[in-house]
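Chains as they are written, first to last, in the UniProt record's numbering: chain A, 1 to 462; chain B, 1 to 462.
Simulated from the structure, these hints should not be mistaken for laboratory data. Take the hints with a grain of salt, since some may be wrong.
Remember, identical chains collapse to one label, so a pair may be satisfied in a single copy or spanning two.
Keeping only pairs whose Cα atoms sit at most 16 Å apart, straight-line, the calculated EDC-like set for lysine to aspartate or glutamate is [unchecked claim]:
hint : residue 1 : residue 2
1    : Lys320    : Asp250
2    : Lys320    : Glu88
3    : Lys27     : Glu383
4    : Lys320    : Asp247
5    : Lys27     : Glu110
6    : Lys24     : Glu109
For clarity, every value in this text was computed on a predicted model and none was experimentally measured.
2 protein chains.
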Amino acid sequence: MTHTFELGRLFDPSSIAVVGASTKEGKIGYEAMENVHDFGGRVYPVNPSAEGSIFGASFVGSVTDIDDDVDLALLCVPAPIVPNVIEECGEAGVGAAVIYSGGFAEAGEEGVEIQRRMTEIANEHNIALLGPNTSGFVVPRTELFGSFATGVENFPPGGVAIVAQSGGVAHSLAFQATRERRGISAMVGLGNRANVGFEEVIEYFDADPETGAIILHVEGTDDARSLLQTCHDADTPVFAYKVGQADVGDFAASHTGALTGDHALYQAGFAQYGVPTVDSTSQLLDAGHVAASAPLPDGTNVGVVTAQAGPGIIIADRLKQAGVSLPSLEDETTETVNDILPGITYSANPVDTGRPMPEFGAVVRAVATDENIDAVLVYELHEAALGFPIEELDGLAEEVGKPVVFATAGPESDLAPDRTELEDAGVPVFESPERAADAVATLATYARLRDDAAPAGVIDDA
Amino acid sequence: MTHTFELGRLFDPSSIAVVGASTKEGKIGYEAMENVHDFGGRVYPVNPSAEGSIFGASFVGSVTDIDDDVDLALLCVPAPIVPNVIEECGEAGVGAAVIYSGGFAEAGEEGVEIQRRMTEIANEHNIALLGPNTSGFVVPRTELFGSFATGVENFPPGGVAIVAQSGGVAHSLAFQATRERRGISAMVGLGNRANVGFEEVIEYFDADPETGAIILHVEGTDDARSLLQTCHDADTPVFAYKVGQADVGDFAASHTGALTGDHALYQAGFAQYGVPTVDSTSQLLDAGHVAASAPLPDGTNVGVVTAQAGPGIIIADRLKQAGVSLPSLEDETTETVNDILPGITYSANPVDTGRPMPEFGAVVRAVATDENIDAVLVYELHEAALGFPIEELDGLAEEVGKPVVFATAGPESDLAPDRTELEDAGVPVFESPERAADAVATLATYARLRDDAAPAGVIDDA
Chain A
1 MTHTFELGRL
11 FDPSSIAVVG
21 ASTKEGKIGY
31 EAMENVHDFG
41 GRVYPVNPSA
51 EGSIFGASFV
61 GSVTDIDDDV
71 DLALLCVPAP
81 IVPNVIEECG
91 EAGVGAAVIY
101 SGGFAEAGEE
111 GVEIQRRMTE
121 IANEHNIALL
131 GPNTSGFVVP
141 RTELFGSFAT
151 GVENFPPGGV
161 AIVAQSGGVA
171 HSLAFQATRE
181 RRGISAMVGL
191 GNRANVGFEE
201 VIEYFDADPE
211 TGAIILHVEG
221 TDDARSLLQT
231 CHDADTPVFA
241 YKVGQADVGD
251 FAASHTGALT
261 GDHALYQAGF
271 AQYGVPTVDS
281 TSQLLDAGHV
291 AASAPLPDGT
301 NVGVVTAQAG
311 PGIIIADRLK
321 QAGVSLPSLE
331 DETTETVNDI
341 LPGITYSANP
351 VDTGRPMPEF
361 GAVVRAVATD
371 ENIDAVLVYE
381 LHEAALGFPI
391 EELDGLAEEV
401 GKPVVFATAG
411 PESDLAPDRT
421 ELEDAGVPVF
431 ESPERAADAV
441 ATLATYARLR
451 DDAAPAGVID
461 DA
Chain B
1 MTHTFELGRL
11 FDPSSIAVVG
21 ASTKEGKIGY
31 EAMENVHDFG
41 GRVYPVNPSA
51 EGSIFGASFV
61 GSVTDIDDDV
71 DLALLCVPAP
81 IVPNVIEECG
91 EAGVGAAVIY
101 SGGFAEAGEE
111 GVEIQRRMTE
121 IANEHNIALL
131 GPNTSGFVVP
141 RTELFGSFAT
151 GVENFPPGGV
161 AIVAQSGGVA
171 HSLAFQATRE
181 RRGISAMVGL
191 GNRANVGFEE
201 VIEYFDADPE
211 TGAIILHVEG
221 TDDARSLLQT
231 CHDADTPVFA
241 YKVGQADVGD
251 FAASHTGALT
261 GDHALYQAGF
271 AQYGVPTVDS
281 TSQLLDAGHV
291 AASAPLPDGT
301 NVGVVTAQAG
311 PGIIIADRLK
321 QAGVSLPSLE
331 DETTETVNDI
341 LPGITYSANP
351 VDTGRPMPEF
361 GAVVRAVATD
371 ENIDAVLVYE
381 LHEAALGFPI
391 EELDGLAEEV
401 GKPVVFATAG
411 PESDLAPDRT
421 ELEDAGVPVF
431 ESPERAADAV
441 ATLATYARLR
451 DDAAPAGVID
461 DA
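I would like the entire structure built from these sequences, with the hints used as guidance.
This is the structure:
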C-alpha cells in the first residue's frame, strides 16, 4: 500500500486537537481529553457547542479555528459527522486522526459508505487515519495517551510494540503487560484500518529504535500477502497471534468488518515469511518480551538447567512438543558440570541439580557457553536463604550472545526483589514453566523460520 | 490398593516428630522444624547427636524416647538410615512419615532396595509413607506445613487439593495459586509413592468437606487403571495434567522412578473415566479454582457475553476449538437483550454490547437464565467510572445453578477491589481471555465426560 501521510504525525505529534472534547465525565470526549491534557505538546479541545475551558485549555469551535499546525486530531464524534470533520482537518493541515466511534464498515451498508467517503477525503489531504472503531493508541515513553480508556498512563515504557486489530485486545494486552511489569514501546488498536493498516504501523515501529519486538493480533485482512511481506521485510522480530481457528467468522465480521479467512493458510503464510505464530495473548506477550530484552538465538538447540526435576520435565516436554531440540552437551560441558557437582542427579540435557544450591549459577554458565546450545532455559524454585544466582548470570546472555531465560515460583515477598535484579541482569523471568518454555520455543522457531524464510513473492495469495 | 494405615494421621495429626531436626539454618532438618514448630499440636525434634532445644522444644534421641503418641514423623535423614528410623517409628506407634530425601527408587539398584526394605517395614507397622524424594505437603487451613520449603505458610486456605507426583511441581502450583489469590485445601507432593499413592490421597481429599476440586499432576504410574478407577469413583471433580507427551522418559525415570508410559493411552483413559485433562499448570489450577468456587455446569453449552468484540472473538474461538458449543439463545433471551440494549452490536451468542455500560449486568443475567445455556463466560475491560456489575451478579451463579465466569483486564489499582468483590459474589475472575475460556471448556468437558463415563473395568490396562 502506498501512502503519502507521515505516521510520525500520528505517533509522535507536537500538537493535538480533541474534536468532540466534553466536560461530561464518562463521555469519550472527556476521557480522551483527560488522557492527553498533560501531554508534552500543545492540546486543543474542539467543540462548537461548548464554552469555557477543560483541563485548563479553552474550547475552540473547529480545527480550522486553531492558529497552529495541528499534527493529530482525536475524533470523539459520531460516525455520520466524521467525513465533515476530516474535511475540516484537511483544510487545517492536520496530519493524522484517530476515529474512536463505531458505525462504519463493521455496521452494514450505510457505515461502509461513510467509511469510504471519510477515507477518500483523508487520502486527498494526506491524513493518516487510525480506526475507525478503535479505542486508540498509547506511546508510554513520550506519555502520549491517545486512548479513551482509563489507567493507560501506567503502561511501563519498554521495547515491545503491540499492534492489535482490535482496540479491546490491544488494551487487554497492554494491561496484561503492565501487570507483569513488562515494558511496551507502543500499543496500537487498528480497528477498521481505513488507511493505516498493519503494514504502515509495522514499518513505522520497525524503524523505531526503542522497539525491539513487534507483536501482532490478527483477525483477518483483505491483503494477507502485503501483511506477510511487510513482516518479512522487517528487521525487528515480528510474532503473530492469528485468531479464528474455529469458525467465528460472522461475529468477527461484525467487529472490524474483516474476514477471518482461512486460518491454516494464514499460519502457513506467516511461517513461510519468517513469522512465528502463537496461540494466546500470553504467549504473544511473552515472546515479544524475551525478544525485546535478550539476544535472539541463532538456532533451535535449547539447553535446560533445572533445580527441580518435576518442572524440568514439564519444560523439556513442552519444548520438544514445539519442535525444539535438546541436544547433547559438549563433553567439556558435562565434565565441567560433574566437576562442579559430583554425583549430580542428571547431567545430560536437561541438567538436573536436584536442589537449588550455591553452585547453580556456575552450572547455568557452563551450559550457556556450550557450543551446541543456542538458548538456555533455567528452572529454580526460589529459596529465601539462597536467592537467585544473579552475580553469575549478570551479563551472561550478552556475553554468549544467547537468551538466558528463567522460570521460577516462590513467595512473592521473597521473590520480588531477586526477580527484579535478575531481569535487570538481562534474564527474563517467568513464573510458570510452560510460559517460559513457550517463549523460548517461539524464539527458536523465529531462528528456524528466518533461516528458511522465502524471498519475496513466492507464496500464493493467502 | 488395600492399606491399613490411616491418612488422617498424615494430613491431620495431633503430634509431629521431626527426625534429623537441626539447628543449622539451610539444612532440611532446620527448615522442616521451622515450618512445623508452631503447628497447633505437639512437636518433637529428634536427633541423637543434638543437645539442648530448637524453637523452644527439647531434642530427644529417638522417636522411641517420646512419651506420647506420635502421629506423624518428618524424616530429614539420608536414605541409608531411613529403614532403621522407620523401624523405630513402628516400635513407637507412629502412624505416618514423610521422607524428604532422595537416593531411593529413582537412583538405581541400591536405592530400589532401600525403598523396598523401608516400605516393607512401614507396611508391617501400618505406617503411611509420603515420599520418599518429596518436598512434602501443606494443609493451609490447619497451618500444617509439612514441607521444608520457605514461604509455604502464606498459601491461602480454600477448596482445591493439589496432588502432584513431583514435590517441585506441587510447590510451583501452590505458589502460583497463592500469587493469584486462590485458596487450596492441601498441597501434596507424592514423590516416589512408596505406599501412599494417587489413589490414597484422592480418596482422602474426596472425603474432605473442605475440598471442592482435586487437581493431579501425573508423570506416570505402574497401575494406571487403579488411578483411573479412583478418579472415577470420586464425587469431587478431578482434573489431570499428564506430562510426557514428548519423549522425556529417561529424564522422568531419573526423577521419581516412574515410567511416563504411553501418553495417548493415558489421555484416552482419563477421558473414559470421566477426568478432563489439561495441557499446563495454569489450566490445571484454573479448572480447579472454578470447580471449587462455582456450581458445576450440567452440559457443554456456553453463553458468552462481551463488552469488547476482540476479546470476545478470542474466547469464542478458544471455546469452539475445545469442542464447546455456543448455542443460539432462546427467543425470549434475545428479546430481553434487545429490550435492554436497543441497537446492540451483536445479540446472538456471543452477545456483544460494544462497550461496558450500566446495563451490562442485566444482559449477563438474561443469558445466565437462558435454558439453552449451561455456563456463562463474560468479558469486560475494567473502566474505573463503571466498575463491575457486582450487584446484579451477586449470587447469580447459585441462583441459576451454573458457573458464571468473568475475564477482564485493567489497571491493577482500580481493578483489585472490584475483582475481590466479584469473586466474593461467586464469580471467578481471570485476567486473560484464554485462561477463562480454557477453564470453562474444562468444566464443560467434565460435564460431558461424566455423562459418558464408563462403568468400572471396561478399559484395557493403560
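Provide an ascending list of the numbers of those earlier hints which the structure does not satisfy.
2, 5 and 6
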